[in-house]
Amino acid sequence: DALPISQLTTVALGTDNVMLNSPSMFREMEFLAKFSDLSAPDVLRAATVNGAEIADLEYGLIEPGRKARLTVLDGETPNLEGARDPVRAVVRRAGVDDVREVVTAG
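Each residue of the sequence shown is one higher than the one before, counting from 1 in our numbering.
None of these hints come from the bench; they were simulated from the model.
Think of the CB as a built atom: it goes at the ideal place given N, C-alpha and C, for glycine as much as any other residue.
Just so you know, nobody snuck in bad clues.
Pair ranges (Cβ atoms, derived):
1. R66 / E101: 12 to 20 Å
2. D85 / S24: 19 to 27 Å
3. A68 / D1: 36 to 44 Å
4. K34 / G65: 31 to 39 Å
From just these sequences and the hints, can you work out the full model?
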């Protein structure tokens, strides 16, 4: 059996589609989750820490010494409330209306 691509290389996700529609990392995550064999945690990792790592940036993870760059989501919105798997819900259903706060410090 072939290994999943996420075990063979660093998969990162981004958007540059401003000519076609409004760029949205939420919609990019949803598309990747639906049309690949990546798990929801792998998709979220591709959209966060892996992208930062490839761009040689010091954020993407929450840990001491890293710059704070956080998107805080409201878990009580219709898209996320009651989700059995919060990561899967964020990857497949979250959108800008679910963002409560953006933190950029450090």
